[in-house]
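Student: Read top to bottom, the protein sequences are chains A and B. So for the first sequence, full-length UniProt numbering puts the first residue at 1; every next one is plus one. So for the second sequence, full-length UniProt numbering puts the first residue at 1; every next one is plus one.
Don't read these hints as lab results, they were simulated from the structure. Heads up, some of the hints might be wrong.
Cut-off 30 Å, straight-line C-alpha distance, at most; resulting in silico cross-link-like pairs (DSS-like, lysine-lysine) [stated by the list, open to error]:
| no. | chain 1 | residue 1 | chain 2 | residue 2 |
| --- | --- | --- | --- | --- |
| 1 | A | Lys201 | A | Lys190 |
| 2 | B | Lys13 | A | Lys93 |
| 3 | B | Lys111 | A | Lys190 |
| 4 | A | Lys201 | B | Lys111 |
| 5 | B | Lys187 | A | Lys116 |
| 6 | A | Lys148 | A | Lys114 |
| 7 | B | Lys3 | A | Lys114 |
| 8 | A | Lys93 | A | Lys162 |
| 9 | B | Lys111 | A | Lys116 |
A quick note: this is a predicted structure, and the numbers were derived from the prediction, not measured.
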Amino acid sequence: MGQSIDSMLQNKAQHAKAISMEKEIEHKAIADWLTNVAQKRDKRAFTELFRFFAPKIQRIATSKYGNESLAAEVVQETMTNVWRKAHLFDASKGAPTTWVYTVMRNVSFDLLRKIKSKKEDNLSDDFWPLVESVEEDVKVFEDHLASKEMMACIDKLPDPQKSVVKGFYFMEMSQEQLAEHLDVPLGTIKSRLRLALARLKQHMGEIHD
Amino acid sequence: MIKHHPNSELLEKFADGELPASIAAGIAIHVEMCPVCKVAVAELTEQRSAIHFESSDLEMPMSELNIASMVEEITLSDEIDIAIADKEKSISVKGEEYILPRALTNMAMSKWSSIGHLARARFSIDEEPLRASLLQIQAGGSVPEHTHKGFELTVLVDGHFEDELGIYGPGDFILLDAEHTHSPVTKDGCLCYTVANDAQHFTQGINKLLNPIGSFIY
Ligand SMILES: [Zn+2]
């Protein structure tokens, strides 16, 4: 007779684990290609990206718009932006597949608006910024820094976040200086700062509510 | 603290890029100010990309020749796009200074016109019958009681107002349909981004005479 339920579940769990391992390896490869395109203008890496994404984009756009030549335009525009904007990809912010998806969504939005409303105002990058500015959050917090509540909140942050926030706000170090000083990549500094600000925002919300 | 958010259906459509520009702009203004919805949109986007990009069954095959020629064409130019992250744009209306939400920085706007405590500028988004505007209600001003024949979206950019349903502050996202009547009042003045698909209808006494004001404001 067949397997017991337990061993079936175990197999299933192993299978799921194998899939997520695969995804991780895949993400790592895509992220490396993007980095090579950004830093070395590496055509071979770009060809790999093209092979991976273009047939998928062609299919998504064809099923969405029911029009193959429009879909081909989405492929062309998306991949052109991947080539020109690869330096904006930041692995600390999310999966490389999500980043390319965002590029595709923005391209499609502007293209459709051009067709439907005859408008070439390219609004997508304002609605869905590819570059998230930590700076925006930073400004908001400068107003609250002096408050006692805020200091108490900062002290409750996990140590790595605390040192970034304190360095940034109170010692007025730049993110680059902090990266060097703490000996971690710039992307890590950015994501620590972002997480810390998100937490502080939550705390402040609770206090003011 | 922001209390009024877009519902999950709107957030999903926003993440998919499927809303008209005028409505998408309203949600983008909210998302820029609301950490909760910002995270929600990020998660939705991640889910979508996982569905579409992480299965090789969902592909339309392309010929090697096609791939090679497209890659060749794209990589011909070595230029990159420098992103300008923080190009802030500020506006001045009746002596008040505002920093525009990022979503509105490149939307073409008409000149301001005003009646009483109200000033309005229209965006030329070309999405008839949708109309998008910035509406300033100066301190102590109000909008006469009105119902909506279609829908009316208001996103508060700056300041506060209150109506029969509550008090609203910066970032609040308020979507009203034909069932609602309201008359917003502001103590300190406010600036709102609004989208409507039909002229508003004023319901009371002398305000009926003001009905043309409906199409002025919204
Ligand atoms: Zn929200």
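Student: Hint by hint, say whether it matches the structure.
Tutor: Hints, verified against the model:
| no. | hint | in the structure |
| --- | --- | --- |
| 1 | A/Lys201 with A/Lys190 | holds (16 Å) |
| 2 | B/Lys13 with A/Lys93 | holds (22 Å) |
| 3 | B/Lys111 with A/Lys190 | violated (40 Å) |
| 4 | A/Lys201 with B/Lys111 | violated (36 Å) |
| 5 | B/Lys187 with A/Lys116 | violated (41 Å) |
| 6 | A/Lys148 with A/Lys114 | violated (51 Å) |
| 7 | B/Lys3 with A/Lys114 | violated (35 Å) |
| 8 | A/Lys93 with A/Lys162 | holds (19 Å) |
| 9 | B/Lys111 with A/Lys116 | holds (25 Å) |
In the structure shown, a violation is registered for the earlier hints numbered 3, 4, 5, 6 and 7, in ascending order.
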